[in-house]
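**Student:** Here's the letter readout for the chains.
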Amino acid sequence: MLPSVSVTKSVETLERRIVALRAAVREAVLAGDRERASTLRRDLRAAERAWDDALAAAEAKAAAEAGAAAEAGAGAEAGAGAGHADAAADADAVHAAATAAAPAPQAAARGRGSLLPLREQVHEALSLLTVPAAPRLIATVHEAFFGGAFPSARLTSLKRDEERSFRAAPLARPYYICAALTADLLAPARGLLAISTWPMERRVIGSLSPRVDFLTAAIRVAEAVERLPAPVPAARRLLWRFAASIPGAADGAASMQPHEITEAALAELAVHQAADRAARQAAARRAREQLGDAEQLFGTRIGLAAGHRAGARRPAPRRRGR
Amino acid sequence: MNGTEARLARIRGRALAKTHNARTIAALASNPGCARRAVMDAAGVDKPRIAAYAGFPAPFGQSRFALARGNAFEAQVKANGAAELLTLLREHLGLPIPQAHYDDLGEVGGNPSLDLRHARTKALLARAAASRGDAGTMFDHPLLRLQVGGRYAFLEPDLIAFQLHGRFHVVEIKSFAVIDGQADGDKVAAAAIQSAVYVLALRDALAEQHIPAEAVSHETILVCPKDFSSRPAAAAIDVRKQLTVLRRQLSRIARIDDLLDLLPAGLTFDLDPDGEGVPRRSPADLAAAIRQVDAAYVPECLSTCEMCYFCREEARGCTAALGRAAREELGGVEHVATVLRLAGAAGTPGAPGGTVASGTAGTPDAPDLAEAAELLRRAARLRAEALHTDAPRAGTPGREAG
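Just so you know, the sequences run in chain order A and B. Numbered by my numbering, the letters in the first sequence go through residues 1 to 322 in order. Numbered by my numbering, the letters in the second sequence go through residues 1 to 402 in order.
Keep in mind that the hints were calculated from the coordinates and are not lab data. There may be inaccurate statements among the hints.
Listing some non-contacts, in silico: residues in chain A with all C-beta distances to chain B over 12 angstroms [unchecked claim]:
#, residue
1, ALA58
2, THR130
3, ARG190
4, GLY191
5, SER207
6, ARG211
7, ALA244
8, HIS259
9, GLN281
10, ARG301
Restricting the straight-line Cα-Cα distance to at most 20 angstroms, the calculated cross-link-like pairs of lysine to aspartate or glutamate (DMTMM-like) are [to be verified]:
#, chain 1, residue 1, chain 2, residue 2
11, B, LYS122, A, ASP251
12, B, LYS226, A, ASP184
13, B, LYS122, B, GLU214
14, B, LYS241, B, ASP186
15, B, LYS241, B, ASP258
16, B, LYS226, B, ASP184
Values in this document were obtained by computation on a predicted structure and should not be read as measured data. Each residue gets a CB set at the ideal place from its N, CA and C atoms; glycine is no exception.
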């Protein structure tokens, strides 16, 4: 058998398998069988990874005909073994968690896109910013400091998926990508994502909070830029966008200094912080008293809450993770 | 339903009523003399559909690309608690540093219902006005409403900023570029009148809470991309003149009865749809119905009104179709044919002339045209001298007629 035939064949086998798995996942979800759906999803991910590998192998073939045969074999093997790849997937998850816990800039991954699931990439970026942020900012931060680019449009469905997952099995995951809540109505703030392990005070948004969070994020980004071993253009561009909107932070993109930006941001932060903290603490207290677990993470909606209330009454939240 | 409402419903026919928005209200003010537009808008007629069915579809509405660019620029300026905008406002309004509040009124408690948003907008604005600055600075996506022709139209300004000394400023974000301090005059004018609509609506909303009109500044802030970059720049625009025009125009819509009295009782723009919504009325019949309402076509209509091609076709041969400036240059005479005849008539204004093509304009015999005729003759003489030809003959369209 010629190597090229084997590569094409394994890719095709995998494609068929991916299609079949997608259909199976859909059926399981529609049938409400969560466990089966998550197992199938894991299989699907494994198959997709194997497909990527097989394609990479096909590409390598052009360079070395002989070497390609072995790689193609490996690809096909991975495809065949995808159904029993649970152990491998678990190992991946452990690795992913370890990477997420240390959000250090990964020069190696830059430009190739991250291998982590989307929610972990979002977690990385939010952990760097330490404040609720909009999808676009999250995507820009991730691209600048973690190398992986993802379209911010993909984040719109993420929060919904996380909420569905939480309502199906509350607190089953170490963290959830959740909503920031508006301080007045404790409703999900439009277009902001947060992490469930953050204290409530950080996740409620009063009228001064967008500015306070902006300044805080500027400080975090400035610190991260200072930590970079070599200048990264994308990171400096991001920092300049912050600096341009902070009075006295910098005169120009070329001459800006991260520590000056931090100082300017701290100076303005000092003006707003007391008022903002008071508003946030009051709102957070209210949220903890009035809302169930799911509402604390994903907010209440006026006129839409009735359908969701059923899942709201659960024991008091236990903070997990950090 | 009172008599006027019934009359308007009849004119609209079985189609659903279209509600006004800032763009249509602004367009209304840009051509105050047009009865056709006034009646159609008051009745909530679906103008694009009517125009298309009568044989003059207007390639109207914003391009998808322009919309996408506009939205992207607005999103950029408002990103992260309107950080870029705040910097501009600090420079232009002298907003003090502590005033950095940002309230998103795009939805209320996850519910985008218009009434809820309107109520909340009013409540927050009133609170800001009462607290003099420490309860709100920027209000994103506020929802206001304005009574137009007896109905409320919901309006959504880009942003309302509140300044320390108790004044609200309407902020309008547009994506046309300001290059070297210069922007397209027509676009700025359109933005100014749109802002004026918002100022009026904001004053209305505050008046309900007994807050004086002076609380809303007549100076609005226009934010546009600077030069060829996407960095925003801001400029203040005084909209006092636009406010006067708008007020007059809105009171005129309120007196739509006077206009309706001039129209035949059976007038309707109904397309006579069958069970599946396919129109059965003949286009010629519909066009005849449209012609029963007087229009005042000017070239500016091409950028604001869906009926523009229909009216332009109808206005062929009128001096107004050449633009306001040309019309005034031609002595305010209504028809191009009359102008040419006046210019060509060799004798005194009293000299007998041929019949005027349209039959509706004045004749050269009319004493009120004597002055215009004299001016036009002089112009014709000058032209003839310059070109070394004879003066244009009566009834022959010259090159000016276009």
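**Student:** Does each hint fit the structure? Answer for all of them.
**Tutor:** Status of the hints after comparison with the structure:
no.	hint	verdict
1	ALA58	holds (37 angstroms)
2	THR130	holds (14 angstroms)
3	ARG190	violated (5 angstroms)
4	GLY191	violated (9 angstroms)
5	SER207	violated (4 angstroms)
6	ARG211	violated (4 angstroms)
7	ALA244	violated (7 angstroms)
8	HIS259	holds (20 angstroms)
9	GLN281	holds (17 angstroms)
10	ARG301	violated (3 angstroms)
11	B:LYS122 x A:ASP251	violated (40 angstroms)
12	B:LYS226 x A:ASP184	violated (36 angstroms)
13	B:LYS122 x B:GLU214	holds (17 angstroms)
14	B:LYS241 x B:ASP186	holds (15 angstroms)
15	B:LYS241 x B:ASP258	violated (25 angstroms)
16	B:LYS226 x B:ASP184	holds (13 angstroms)
Hint check: violations occur at hints 3, 4, 5, 6, 7, 10, 11, 12, 15; the rest are consistent with the structure.
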